[in-house]
Each structure stands twice: as C-alpha cells, then as structure tokens.
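These protein sequences, in sequence, are chains Z and H.
Using our numbering, the letters of the first sequence correspond one by one to residues 1 to 385.
Using our numbering, the letters of the second sequence correspond one by one to residues 1 to 385.
Simulated from the structure, these hints should not be mistaken for lab results.
If you're wondering where the values come from, they're calculated on a predicted model, not measured in any experiment.
Intra- or inter-copy, both count: the list cannot distinguish identical chains.
Computed list of lysine to any residue pairs in SDA-like fashion (alpha-carbon distance at most 25 Å, straight line):
hint	residue 1	residue 2
1	Lys251	Asp43
2	Lys264	Asp43
3	Lys264	Asp103
4	Lys304	Ser249
5	Lys193	Asp311
6	Lys3	Pro220
7	Lys274	Ile102
8	Lys3	Gly38
9	Lys251	Glu24
10	Lys41	Met269
Protein chains: 2
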Amino acid sequence: MLKIAILGIGQTKIDEHWDLSLREIGGNAAFAAMQDAGIEKVDALFVGNMLSPMVSGQNQLGAFFSDWIGLWGQEAVKVEAACASGAAALRAGLMAVASGEIDSALIVGVEKMTDKAGHDVTSALATAADADYEVEQGISFVGLNALVMRRYMHEFGWRHADFAPFSINAHANAMHNPFARLHQTINVEQFEKSSMVATPINLLDASPIGDGAAAVVIVPAEKAASVKGRPRVIVAGSASATDSIAVHSRKDPMFLSAAYESSKRAYEMAGITKDDIDVFELHDAFSIMAALSLEACGFAERGKGVRLGLDDEISPQGRVPVCTRGGLKARGHPVGATGMYQVVEVVQQLRGECGETQVDGARVGMAQNIGGSGATIITHILKAE
Amino acid sequence: MLKIAILGIGQTKIDEHWDLSLREIGGNAAFAAMQDAGIEKVDALFVGNMLSPMVSGQNQLGAFFSDWIGLWGQEAVKVEAACASGAAALRAGLMAVASGEIDSALIVGVEKMTDKAGHDVTSALATAADADYEVEQGISFVGLNALVMRRYMHEFGWRHADFAPFSINAHANAMHNPFARLHQTINVEQFEKSSMVATPINLLDASPIGDGAAAVVIVPAEKAASVKGRPRVIVAGSASATDSIAVHSRKDPMFLSAAYESSKRAYEMAGITKDDIDVFELHDAFSIMAALSLEACGFAERGKGVRLGLDDEISPQGRVPVCTRGGLKARGHPVGATGMYQVVEVVQQLRGECGETQVDGARVGMAQNIGGSGATIITHILKAE
Numbered sequence: 001m002l003k004i005a006i007l008g009i010g011q012t013k014i015d016e017h018w019d020l021s022l023r024e025i026g027g028n029a030a031f032a033a034m035q036d037a038g039i040e041k042v043d044a045l046f047v048g049n050m051l052s053p054m055v056s057g058q059n060q061l062g063a064f065f066s067d068w069i070g071l072w073g074q075e076a077v078k079v080e081a082a083c084a085s086g087a088a089a090l091r092a093g094l095m096a097v098a099s100g101e102i103d104s105a106l107i108v109g110v111e112k113m114t115d116k117a118g119h120d121v122t123s124a125l126a127t128a129a130d131a132d133y134e135v136e137q138g139i140s141f142v143g144l145n146a147l148v149m150r151r152y153m154h155e156f157g158w159r160h161a162d163f164a165p166f167s168i169n170a171h172a173n174a175m176h177n178p179f180a181r182l183h184q185t186i187n188v189e190q191f192e193k194s195s196m197v198a199t200p201i202n203l204l205d206a207s208p209i210g211d212g213a214a215a216v217v218i219v220p221a222e223k224a225a226s227v228k229g230r231p232r233v234i235v236a237g238s239a240s241a242t243d244s245i246a247v248h249s250r251k252d253p254m255f256l257s258a259a260y261e262s263s264k265r266a267y268e269m270a271g272i273t274k275d276d277i278d279v280f281e282l283h284d285a286f287s288i289m290a291a292l293s294l295e296a297c298g299f300a301e302r303g304k305g306v307r308l309g310l311d312d313e314i315s316p317q318g319r320v321p322v323c324t325r326g327g328l329k330a331r332g333h334p335v336g337a338t339g340m341y342q343v344v345e346v347v348q349q350l351r352g353e354c355g356e357t358q359v360d361g362a363r364v365g366m367a368q369n370i371g372g373s374g375a376t377i378i379t380h381i382l383k384a385e
Numbered sequence: 001m002l003k004i005a006i007l008g009i010g011q012t013k014i015d016e017h018w019d020l021s022l023r024e025i026g027g028n029a030a031f032a033a034m035q036d037a038g039i040e041k042v043d044a045l046f047v048g049n050m051l052s053p054m055v056s057g058q059n060q061l062g063a064f065f066s067d068w069i070g071l072w073g074q075e076a077v078k079v080e081a082a083c084a085s086g087a088a089a090l091r092a093g094l095m096a097v098a099s100g101e102i103d104s105a106l107i108v109g110v111e112k113m114t115d116k117a118g119h120d121v122t123s124a125l126a127t128a129a130d131a132d133y134e135v136e137q138g139i140s141f142v143g144l145n146a147l148v149m150r151r152y153m154h155e156f157g158w159r160h161a162d163f164a165p166f167s168i169n170a171h172a173n174a175m176h177n178p179f180a181r182l183h184q185t186i187n188v189e190q191f192e193k194s195s196m197v198a199t200p201i202n203l204l205d206a207s208p209i210g211d212g213a214a215a216v217v218i219v220p221a222e223k224a225a226s227v228k229g230r231p232r233v234i235v236a237g238s239a240s241a242t243d244s245i246a247v248h249s250r251k252d253p254m255f256l257s258a259a260y261e262s263s264k265r266a267y268e269m270a271g272i273t274k275d276d277i278d279v280f281e282l283h284d285a286f287s288i289m290a291a292l293s294l295e296a297c298g299f300a301e302r303g304k305g306v307r308l309g310l311d312d313e314i315s316p317q318g319r320v321p322v323c324t325r326g327g328l329k330a331r332g333h334p335v336g337a338t339g340m341y342q343v344v345e346v347v348q349q350l351r352g353e354c355g356e357t358q359v360d361g362a363r364v365g366m367a368q369n370i371g372g373s374g375a376t377i378i379t380h381i382l383k384a385e
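Bound-form chain Z, shown alone (with noise of 0.2 Å):
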C-alpha cells in the first residue's frame, strides 16, 4: 500500500454531552482535525459510526457531515463494523487514497449514545451480536463478555481481582488526559466491590458509554514532509480481519482468531515484530477483553495475559504499555468513535505529547478496535520518522 501519513488529529472530551448534537460533537474533531493539520478542504471523508440510526434517527452520516463541516459535494460515506466502526473508517479512507482515487481524507469516528435511556442503548449495542443466534436468546453485549471471562476465569484459574491492574492502569492514565471521561483513580479493593453488572463483569470491568467525536487527515507521506518541525507519523501497517459473529460458533471463544490474523497482517506490512511495539492502544471495552487482545497478539501467552497487569508491565513505563491515555475503560467508549480515539491518542505518543503518561521514545505504537465480541478486528501501526 501506498506510504501514508497522518497530517492531523483532533479529539472532543468524551462526556455525556447534552448540549451537543450529534452534528457538533462530530464537527468540532473535525475541524479540529483539519486545524491540526494546518489544511482546509480535503477530498474525501469517512466516518466511521455504529447507532446513530437507532440513538439519532440519523443515517447516511457521510453527506451529513460534508454539509456541516463545509465539504461541500466532496465524497462522503459512513463506514460500520459495530464498535470497530472507527478503524474500519479509517482503513477504508486509506484504500482510497492508496487507490489514487483521492489524495486526502478526513476520517471522523463519532457517536452520540446518551439521548436515549439506558435500556435503549442496551439493546442498541446488542446490534453488535448476532440477532438470531444470541440476542434472540435474552443475552445482552456485557452478557456475552461475562460468558467468556466466566469460562476463561475458570479454564486458567484466575480470581476477578486479578483481571484490577487493567481497570486500575487504565484509570491512572486518564487522570492526565483532559479528554477522558473519567478522572478518579481506583484501587484493588474499590474493583472488588463494584456493582456487579453481569456475573463476573462489575462497573469496573466496563468500559463507560459516552458522547464523543476523534478524527485524523491523511495524506500520500510524499506530501507530508515537514509539518511544523514535529515528527511526521505515518501509517505502516494496516489490516482487518473477522470471526464467526457469535461467540458460541467459534472453536476457541477465549482466542480472538481475529486479532492473532491482522495484528499478524500489520507486523507483516510494518516488518516488525511485537517486540518492537513501544505502545498498544488495545480494546479493552471489558477487562476480559484487555487479557485475550494481549495473549492474541503475541504479547502473552494462553491463558497468561493477565499476567502482564500482576507484573506491572502495561503501565507507561512497563514493557508493553496499554491503554496509555485511559483506554476504553476510562477515557470512555463512545463506540463509532474509539477506535479513532485510539489511533489519535497514539500519534499523540508518537509525537511525545503525553505528558505524564508519556512512553519514553515512543517510536512505534499500535492501535487495535474490536466489532462485537471479536467479530471484526482491525490493526493499525504507527510509526514516527
């Protein structure tokens, strides 16, 4: 694929946003986008969005924002993979600029989950599942998670309060990212005692909806060269692969086949291996999930992911350092819009703009989003240069 860089980012605090519309929380990340990137008009754009049909009563998102933003009669297309929606957005906008087709694009993750009551987003994000086969059953999204960290718990005999260093890691970071959602550090005993959502997952094992925007310019690296004298991030692997959309299809349930084939496509295409990853934005939407992307992506092994947490080697200053601004646990999961968070937040590392959470010489950082319950997985690595 063509070499391709990021020439912007931008990013709205995720909150519950109920002064916002659904319009203004996607146009702000992109016009902050776009000022970052120090450019006006761009050829293309792709947002990447998961429930704003069932939430807004809003579709087609492409044309809707190219008339908000001001892109007026460019290209203009939404891109979905449940809560993967994000980087799908993104791989489809670097397709088409390898293509040729066009020579830039914006990328908008977005979502605007908190106008409907609980209840309603529930049984939104449920979309995310197979409607015949699970869904129809009774079983909710977090259910389906329960399922598998019950099971997973049980096969490697860990205790919950093993699975806390994520919750507790995750939550630290984003005490320093002023676009987080949350900003309480927690502790071992407060992950104990959490309310309980769906046996074995508590509050604290989840992540927290939100209302959120995150966006990204890219270019052809070529037209890229010097941008304001800070390292120029470009895109060096990029790939997606699937699974069997229910979880009880699956051979192994505990092993995200679909993380292990295109984190594998991205090192491949990166021509590194997981040793030099300096930073991992994993998708941690439940800390189960935190435990398999690590074991699946060749950070752990089997059965051994939570391990990394015990071992203190996930924090910024850890051998694999996750969820370095927050994660999906703390600095919140908007679906449509994380996994643009995510590569967002890794051009921020890889540019040295973390501060407190910074990882030092960053050079190499990795983002994954997963669709359902690793359904739909996409890789991107970033390098800087």
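Guided by the hints, dock chain H onto chain Z, whose structure is given.
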C-alpha cells in the same frame, strides 16, 4: 484508478420474503455472484445496507455475512449512504482493489424491509433525511420528494400525467425481468387514478419497498482476461458526490448537483460523454427523480426531463434507455440493495442477456444510485470490451 473487471453477478428476486432471513437473502445473491464468477474465495467483502440495525436488530453485516458465506477470517465491512449504500459499497470495494491491498472483492447490497410494519419502515426510511431539520418537523421521506415534485410541476408547467411514461416504461420492462418485484403493465389511466401517497406523488409514482440482494465479484481487469467467452465488463468510471442533506438548504432544490458532479467525474474518468451511454439505470425512487436525474446528467435541459418520456426516448429502443429491467419503480427498491441491482442489470445489458428488453449493441452503461433526496449520488460507468 487501476482497471477493474466485474467477474460475476448475482441477485435474488425482490419480494416479501417471509421464508428467508436477512442472512439467507444476502447469502443467496453472494453465492450466485461467486458461482457466476467461477471462484470460491475472495479477499474481502463489502456490504451495502441501510436498515438492518433498525429492522432486523443486526449491525456489523461485514462479519455477519463473511461468517455465513464462508469467508472465514477475511476482511469484511458494511458501508452505508442511505439508499445509495449499494453503490457506496461497490465504490469502497473498487478503491480497496485499486489500492493493491486486496486482489478480489465481493460486494453485496442487501435489504430485508418487510419484517416490520409499514409505519416502522417509513420511520426507518426517514433516517435518510435530516433528523433535526426535516424529520423533526414531521415530514416523511415521500413528503420531501412530493414537495420537490409539486414545485417542479409549478415551475416548469408540467401536469401529473406527464410523468406517467417513466412508470409505464419501468413496469413494461419489469415484465421481462424474473427478479422484479412487480409483474404488471400499467397505462396512463391507471397512473392517474392510483391512490395518493403524498400529493402529488401517488402509488404509481413511487417505487415499492421489498426484500432483496444483489452482488458482484470484482478483480483487477488483467486477472479477468477471458471468462467463459462472454464480453469482459470493466468499470470505466466511478465517482461519488454529496449535496446538503436537507433539501431546503440547497440553492436549487430541483437540481441534483451531486448527480451532475458525480456523472461529470465519471464521464471524465471513462473518457466519454453522455452521448456514449447506451443504457442508463437511473434511480427512479419517485417519478420526479427520474426527470431530475436525466437533467443533471446532461440528457435533458433543466425542466425538460419529462419530455424524454413523452417523446418515447426512454424505452429499450429509445435514445436514452432507462430502467430497462424495471427500475426502482417495478423491479423494486430494497433500499441498500438497489445500487447493486442497477450495476448487475447494466452488466446483464453489456453481456447481452436481457432478452425482450435488450438494448441493441449496448457497449457502455451507466448506473446511478441516490441516497436521501439527492444528498449522496454515486455514478458508475461500465464498458464491455
């Protein structure tokens, strides 16, 4: 863009498929396309769909269908642009192949609309319009088109009956298409006496919804040199453009500027003019849209699109044959699938497989898919060689 060929096509009959699920309808078109292409595996899947989260409670159709079709592990994603979702998925697939990231793609446009009551579908279709500034005011999607049609009649002095030839031609052509939803000819009297939907749009101005799917397999043209002795069909032009999502925001609500833009770019890319088009599968969701499309694409002057019907220029033997397989009006309009039906039908024309409605010596065909009331318009030009 890299020269890309359409290697195989597939479609299902459009109907109320009470006996078939979303998964089966999309799968059937996909299997037919792969069989027609003579291949068993593709690198990636692009699904065009608008309503499944709302009507079927199912998102993430990329993974959903790659699982069902047996493309295990492959890249898969859904693309949405309201009623232009089908063509948007094709364009995403074309750019993906042209980028060199993948070598073959399956594109499926699919919609299952009849599992909900009529008012639920009307409400779901309204998500194509502007939720804040149009739908919130109480107008339906048909209502928006009715306002445009009434203004057009007033402005240019046409009577309602003057639009009849569009519907009569579509119904006549659908008689010879086994996949069409409606198999009945109509005349001017029936057209005039049909039940009112939203004045001046009556039942015979409006396309019927339905369940259906259409699919194609694409590969780089150099890999499709000689297929079963039939002409090779290549994508000569592809372009997408947008307009404001709200009709009232347009300088001229009666001019489809995104059709003008995308057809202009597609003509340029194909190196042709409108005079080279032998068959034009246009987006006659309502009879007024047929007139506006012909005008914006250069086949008629402003306000004169209706003339082409009255002068009998739109039949398969006419100067500008449109809706040769029944169009949206009689083939049917399963919204997110429609764009792919149009492309499949143009391929059938270029292969000379259209029997009674075959356009003699058709070598160049155009398919144009419209999202919303003209907010997203995507044009593809195909050539036989």
